[in-house]
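As numbered in the numbering used here, residues -12 to 684 make up the sequence shown, in order.
Errors might be hidden in some of the hints.
Result set (BS3-like, lysine-lysine): computed pairs, CA atoms no more than 27 Å apart in a straight line [as the list claims (entries may be wrong)]: (1) K585 - K621; (2) K474 - K450; (3) K621 - K450; (4) K649 - K621.
For the record, the hints were derived by calculation from the structure and aren't laboratory data.
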Amino acid sequence: MKFFATHHRRFNWINLPGALLMMLLQRTPLLNLFVTAENTVLRSPASAVLKSSVAGLVALGALHSRAGATELVTNVASPLRATVGAPVATVAFGLSGTQTNPSAWSVSGALAPGLTLNGRAATGSFSGNLVLAGTPTAAGTFQLNISGSDAGFTSAPYPFTVIVTGGVTASAPSFTTQPTAQIVTAGATVTFTIAADGSPAPTFQWFKNGSTVVGATNSALVISGATAADVGSYTVVVTNSLGSATSNPATLTVTGINAAPTATVQPTSVIITAGMTATFTATVSGFPTPTFQWSKGGIPISGATSATLVISGATTADAGTYTLVATNSNGSATSNAATLTVNAVVTTRPVITTQPVSLTRAVGVSAVFTVVATGSPSIQWRKNGVNIPGATTATLTFSALTTSDTASYDAVLTNAIGTEFSNTAALIVTAPLTARLSNLSVRTTLAANQVLIVGLTMSGGAKSVLVRAAGPGLGFLGVPGTMADPKLALFNGSTQIAENDNWGTPAADVPALSSTIAAVGAFAFPSAASLDAALLRAIDGGRTVQVSGPGAGNVIVEAYDAGLGNTPRLTNLSALNFAGTGGDVLIAGFTVTGTGTKNVLIRAAGPSLGALGVPGTLVDPKLELFTATSPAVKIGENDNYSASLPTVFSSVGAFPFIVGAKDAALIVSLPAGGYTVQVSGADGGTGSAIVEVYELP
């Protein structure tokens, strides 16, 4: 019998023969002798007897007194009744009817908060003697399932129940007061406060932007001397033994910190009838307090220097796009553009002045239908006579055509006086184009009257090309410090063959330019009154574009293949400009469209350019190629070109590099998409450089 084997030494001072003692233990009805938990280990049998009394042994479940019956035995009956805040009688657990004392215990179920098993406030696995003790902190009924095991056996689980009364019923934490957002001046003290219920009482941990705030373990979080580093979103997690809860986030905003302006509330577009008042409003943060300047179509409006722009008695001349530039000593910010639409007072039915025209486009490219009418009508586009949901503006745009877009399209224009139907325009979608170069762009900062030169070559015949120089249009997109009035000129060799200063002049060119801009996927200019420049011309062979302006500023120069089909096509794009450091490196973008991949040769020339008579060239150009994605991914680079490439140069008609010069070049195969090339000095130097992109067979 295990109990005898374990406890015989506790009774050997009685001087009873072992056999007699075993007989007594086995024959005593309904009672087994057991010692209290504090005497689990005895140093002196005599002193042990003096320290504790023999307790009645209570078995959970059917109580057996026969040797060999395995039962859980304790010195306190189940259920153990306890009171919140009062220590419980220490409970020791044993098994009767086994050959050896369990060396391991397994306990599952619910342990009353405040109680421990072998000093641990959790259930699980235990070794040696098993003891329950502690002071309960929450009311409730808690059942444990206990089994013992040793090398030769594992008992069935036996229940042991603890019933705790008084106090508060145990519950998981919940918030009664959430933290609230705070806006303070730099240097002020900030206090976030919460209140939470839960029993046992929960603990607290504050977080900033999801990261632990070290030492912030109270219901209130105090931040002294707030700075910009304290700005963020704060939450607190409250936890007790029954669970946890996370508060709502509370944002801390610290004002009075040196910061560039940021538009926190953007102006919104307005549609009114002539004679009404239009109001644009923006909210801008920043310190020191910013100054404001409203612009229409990229042109500053005299006297419009507050965060709100009011246009009283609006006329159709006031229609356009409006932006707000906010500036302080730390920088500037440009708001999103807001459009003012001024509808004339309707007196006649709509009169269509520009009809949609039929188009033939390849799969995957874009297409645009446009209709223009007087009479301020509403517009509904139709496909084969059926309304197209959401197609209610003057332009119907297809971003990536499929064969299912082949159809007949028209527009229905309606005002209070009557309805007009546009001409029907056919859209024919042809087979997809193979991969080809379709666009080049260069964004740079030019000094007053400094010239940027962009080159392009059209092979296989003549084809329409859209060329643009955008300054105010960049400002419309939020780019600061743009060139106010860029001008472009198109050259064939040294002969100027076309030029444009303001794209809205002559007005007769605006509809074709607007339609082409939309068709090639270029960003729209703010209005026909903006001082950006644009040309649409058919070219064959090589051409250069020169861009300059009477004032300095940021400008982007773009050339787009605006025609149809794979042939003719652009086979070479290039840009000559100054390559600096940091934000002034030479950056050129290009686009591959169509199916499959396109092999291209990319070059960055400095020393060999100098040999052609260009002064102040970059001594050691480095070329890096990136995807035009966010974030950009570098997919190729070169510092000094390979000696194996000159034969490739001559095959595409590129000028030769000086043998051993530190010019750069690489060959890559690219799928459809946008790409950027950055040219800088490998040695940190600066100077003029040319970046070139050639189509390879």
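Please write out, lowest number first, the hints stated earlier that are contradicted by the structure.
-> Going through the list in order, the structure violates hint 3 alone and respects the others.
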